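Here the protein sequences come in this chain order: A and B.
Sequence positions in the first sequence follow this note's numbering and run 1 to 346.
Sequence positions in the second sequence follow this note's numbering and run 1001 to 1070.
Just so you know, the hints here were simulated from the structure itself, not pulled from any lab data.
Bear in mind that the values here come from a model prediction, so they are computed numbers and not experimental data.
Please note that a few of the clues may not be correct.
Below, a sample of chain A positions facing chain B; criterion: calculated Cβ distance under 8 Å [unchecked claim]:
no., residue
1, 222
2, 226
3, 269
4, 273
5, 276
6, 285
7, 291
8, 300
9, 323
10, 340
11, 342
Using N, Cα and C, we set each Cβ at its ideal position, and we do this for glycine too.
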Amino acid sequence: MRVVHYVNQFFAGIGGEDKADAPPQARPGPVGPGIALQLALGVDAEIVGTVICGDGRFADHAERTAPAVLALIEGFAPDIVVAGPAFNAGRFGLACGRVCRDVEQLCGRPAVTAMHPENAAVDLYRGDVVIVPTAAAALGMQNALTALARVTLKLGRGEALGPASVDGYLPRGRRLNALTDASASARALDMLLTRLRGESFTTEVPLPRYDRVTPPPAIADATRMRLALVTEAGLVPPGNPDRLEWVRASKWLKYPLGAKRDLEAGDYEVVHGGYDAAFALQDPDRLLPLDAARELERLGEIGALLDHYYVTCGNHGILSQMATHAREIAIDLRAQHVDAVLLVAT
Amino acid sequence: MTVTSLASVALKVGANRIVRGSRFSHPCGQPGLTPDDERAWRLGLVRAAVGALGTTVTEPTLFEPVGSPA
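Please construct the entire structure, taking both the sequences and the accompanying hints into account.
In structure tokens:
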């Protein structure tokens, strides 16, 4: 099995921060931590070459540097590529993530990296790249290399990885099919009994973690604010012209309200698999309260209403995707100088 | 701020300013009322939303609109 190892200028022994602009370069055989990695890999795998790039060079010129690194890696015709370990080094972690993703997606070869779970690159690349968790600093090198070697050999042999907790990598957010001895109800009861006995158990369905957002300050003067209406209720024009999905929506949309004072039955339809839309179709203001917002605008209790509304469908929404929709909508709202949002959630 | 009938969910996931809507299939509607009463109720709901936006909060906070949900 031919292995190519990617490291930064520091681990290659070129230098520290003063050499962070070191250009992409290749050396035959293992270098630096690659020597210990070779020992951990054993006789079934050979580090045929090492590709090196300065962290600053990669971070500042990623679009030019990544293809150059990839070309050097491909020059060794590897069966698998190993990057890092990066521990908690931010720029090195980002480079490792990018190199592994490119190797997999552009070259069709397996790749693996290793870093601390709180490395900033983890959030960015964990869905695409196999990342072995390490300690925060290089004192954890030996353990990191042992774990990295185990995953490298498995991937290099073309074997599918099992669950993250079994094979020792950070969860990628994927579901794997597996056969179990007991039905879901029996396993659930086992888990409940274990819990009642005060013993520890491992859930099969970890709950999603929700961000805590610092509350924005109160609006100082509502009579001057620009308010936008946003909803995840799937309220769209008839015929659903932009094909919003009724479940796991991949998009958000923006539709004009113009000078409308009221949403009329027949002007809208509901694309949402999560609720019965009969009452909303009778009067779409029951979802998006345009008539009331216009009335407050007329009375001068709010400054102005944005002349568009924003919509997606929240039914079975994938948390990460919904967060992306929210960020994109927020950027669009800011560009239109919106001060506040009334979001209706069904 | 968010209007939702599922206030407990909104509190749990960390929405900061929450106004309780009526039902999940029509958070801003009260189909059981006459059209005039329903519009008046909805005006109160949106007033509560504007009030929530003008209120300083330090954690997920639920605001109840005037008038009981159907």
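Quick rundown of the hints versus the structure:
The beta carbon of residue 222(A) comes within 5 Å of a beta carbon in chain B, closer than 8 Å, and the hint placing it at the interface holds. At a threshold of 8 Å, the smallest CB-CB gap from residue 226(A) to chain B is about 12 Å, leaving the interface hint violated. Restraint check, residue 269(A) versus chain B: the minimum CB separation of about 14 Å is more than 8 Å; hint violated. Interface hint at residue 273(A): violated, since its Cβ lies 12 Å from the closest Cβ of chain B, which is beyond the 8 Å cut-off.
For residue 276(A), the interface hint holds, the least distance from its beta-carbon to any beta-carbon of chain B being 5 Å, beneath 8 Å. Using the Cβ-Cβ criterion of 8 Å, the hint placing residue 285(A) at the interface with chain B is satisfied: the shortest such distance is roughly 7 Å. Residue-level restraint check for residue 291(A) holds (minimum Cβ-Cβ distance to chain B is 6 Å; threshold 8 Å). Of the supplied interface hints, the one on residue 300(A) is violated, with its beta-carbon coming no nearer than about 12 Å to a beta-carbon of chain B, more than 8 Å.
For residue 323(A), the shortest C-beta to C-beta distance to chain B is roughly 11 Å, which exceeds 8 Å, and the interface hint is violated. A hinted interface residue such as residue 340(A) counts as satisfied when its beta carbon comes closer than 8 Å to some beta carbon of chain B; here the least separation is about 5 Å, so the hint holds. A least Cβ separation of about 5 Å between residue 342(A) and chain B falls short of the 8 Å threshold, and the interface hint therefore holds.
Against the hints set out earlier in the document, violations occur for numbers 2, 3, 4, 8, 9.
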